[in-house]
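Chemist: Below are the chains, spelled out letter by letter.
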Amino acid sequence: MFAQTLQVGGFVEGLIFAADALNVGAATFPAAAFVLCGLLATGIGTGYGATVAFVTLFFPAGVLIGANPVLLFAAILSGAVFGDNLAPVSDTTIVSAVTQDADIGGVVASRFKYAIVAAVPAFAAYLIAGSVMSGVELEGAVALRESANALGLVHLLSMGIVIVTAVAGRHIVEAISWGLLVAVGFNLLFGLSSASDIVVFTVTEAGALSGLPVVEVGETAGVGGSLYAGAVGFFPLIVLTLLIVAMAQIMIRGGGFEAIQTFLLDRVATTVRRAELTMVLGTATINGMITINTAAEIAIAPYVARIGEKFNINGYRRANILDANTSALGYIFPWAGGVLVGYQVMVGPNGLGAQYGSEMVVNPIEVVPYVFHGWFLVAIFVLAAITGFGREYIPDRVSEEVSRA
Amino acid sequence: MSVFDKFLAGWSFRGSTPDYAAGDVLEVMVTGEEGGAHVARIGDSTLRIADAPDDAVNTRIVVDVESWDDSAHTGRATYRKTVGESAF
Chain A
1 MFAQTLQVGG FVEGLIFAAD ALNVGAATFP AAAFVLCGLL ATGIGTGYGA
51 TVAFVTLFFP AGVLIGANPV LLFAAILSGA VFGDNLAPVS DTTIVSAVTQ
101 DADIGGVVAS RFKYAIVAAV PAFAAYLIAG SVMSGVELEG AVALRESANA
151 LGLVHLLSMG IVIVTAVAGR HIVEAISWGL LVAVGFNLLF GLSSASDIVV
201 FTVTEAGALS GLPVVEVGET AGVGGSLYAG AVGFFPLIVL TLLIVAMAQI
251 MIRGGGFEAI QTFLLDRVAT TVRRAELTMV LGTATINGMI TINTAAEIAI
301 APYVARIGEK FNINGYRRAN ILDANTSALG YIFPWAGGVL VGYQVMVGPN
351 GLGAQYGSEM VVNPIEVVPY VFHGWFLVAI FVLAAITGFG REYIPDRVSE
401 EVSRA
Chain B
1 MSVFDKFLAG WSFRGSTPDY AAGDVLEVMV TGEEGGAHVA RIGDSTLRIA
51 DAPDDAVNTR IVVDVESWDD SAHTGRATYR KTVGESAF
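These protein sequence lines map, in sequence, to chains A and B. Take full-length UniProt numbering: the last position of the first sequence gets the number 405, and nothing is skipped along the way. Take full-length UniProt numbering: the last position of the second sequence gets the number 88, and nothing is skipped along the way.
Quick caveat, the hints were computed from the structure, so don't treat them as lab data. One thing to keep in mind: the hints can contain errors.
[What the hints assert, rightly or not] Capping the alpha-carbon separation at 27 Å, the derived lysine-lysine pairs in BS3-like fashion look like this:
hint, chain 1, residue 1, chain 2, residue 2
1, A, LYS310, B, LYS81
2, A, LYS113, B, LYS6
3, A, LYS310, A, LYS113
4, A, LYS310, B, LYS6
[Said to hold, decoys possible] Label-pair distances were calculated between CB atoms; the ranges are:
hint, chain 1, residue 1, chain 2, residue 2, range
5, A, THR270, B, ASP24, 21 to 29 Å
6, A, ILE386, B, ASP69, 25 to 33 Å
7, A, VAL173, B, SER67, 56 to 64 Å
C-beta atoms are modelled at their ideal positions from N, C-alpha and C, and glycine is treated no differently.
Put together the whole structure using the sequences plus the hints.
Modeler: What follows is the structure, given as structure tokens:
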């Protein structure tokens, strides 16, 4: 709803203006999107939310100025991985910390080294790939580029309010609600959109209320506008999420996971290096299979704890192994929730495909190799398990009090 | 530990056989039993613990290290107190 309201408020046109003004060209747009999406996701703590916002708002702006759509979508997903992994208010960060008996602040500080070691080469890779991979020709792109409007940039403030409110510790629903209120205010105050662009009730016959700006007379009664379209586009995904979480619970209760744990402890995780590799690859496998990364993280967390404790591996280290793969692989494969929410923005009702044409829709399978930060993060942890980079044992330091609030 | 120290912790390559010294006081997870004694496996090093409660496996305890063999990466310690249990 928030992202859709910013879109009808001319934010894309504002970004096109800013990209032209700052000379951010097609080649550098994916790298910029990676950094900005990473900052937003770190601020608001939800990689899914950041993906939706950036695919709705930054993605069309980037494609219109000539960036490669596949690379740009992958860069946005990489930013979401970064934020999901590092944000203190991210659900995956919180789950990783509390399931390994570690405090959230300490976990975030201890994982910074892995995140930055993966992010620097990922940024470079987007700069290089951006200069190599060409964009697409869009019918009407020139006309849309000419629609650039600096006023749309006021919505940077709307997004800023969401970030600041979320970082200040308010619940993400409250933070987005404040952002939404400000965005609606800006739209109406600066004439960026009409009230009926935001919410509209269509009636078949004129009546006492038909003079209101949010009531229109049409052939079919109904509800529309950005608030409605933004929400209704995600109902199919909500149902899919519920079904997948149910499937994971059936797998756990069927005893399959317990059998795997016994096998791993007895036969595979026989040294600390092999134990850490087992944790890394096991977490990666489960997260690669289960669409919703928080559900996958909850499923694998007990095994990471038990295998790690058998070698006195510190809770911070265990939490970092758990969350890195959870964050990374939740945004790479075509069935991953992070990819699906972005894809839904492209193909949903009034989606980017409907608005701009099929060139604005990316096949999810194509982005797999280009989610550089996700792949680098997995690689960093495989190397860390082999070399001992960042390894800490329980006697090294004790976690501060664990907050489950 | 300061916030700055928390960010710097772990910027190193840690071996698989950590060593300790007599007189160290450690918090460890008791990982099993061998030959009637409790043991805490720390990486690929092993600490044998005397006087731990019977149900000490999978609990976090504080121990006094009595002796340590750097070449074999094994040591002996005495139970002091229980401070926690397994995360699961």
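Chemist: Holds or violated: are the alpha carbons of A:LYS113 and B:LYS6 at most 27 Å from each other?
Modeler: holds, 11 Å
Chemist: Please work out if A:LYS310 and A:LYS113 have their alpha carbons no farther apart than 27 Å.
Modeler: Between A:LYS310 and A:LYS113 the Cα gap is close to 25 Å, so the pair holds against 27 Å.
Chemist: Assuming the hint says 21 to 29 Å, is it satisfied by the Cβ distance from A:THR270 to B:ASP24 or not?
Modeler: With Cβ atoms ~26 Å apart, the hint holds.
Chemist: For the pair supplied as a hint, A:LYS310 and B:LYS81, confirm whether the alpha-carbon distance does not exceed 27 Å.
Modeler: holds, 19 Å
Chemist: Between A:VAL173 and B:SER67, is the Cβ distance one that fits in 56 to 64 Å?
Modeler: Once the Cβ atoms are compared, 57 Å apart, the range 56 to 64 Å for B:SER67 and A:VAL173 holds.
Chemist: Just to be careful, I want the Cα atoms of A:LYS310 and B:LYS6 compared with a cutoff of 27 Å; is the pair within it?
Modeler: holds, 24 Å
Chemist: Is it true that A:ILE386 and B:ASP69 lie within 25 to 33 Å of each other by Cβ?
Modeler: At 26 Å between Cβs, range holds.
Figure legend: structure checked against the earlier numbered hints; every hint is met.
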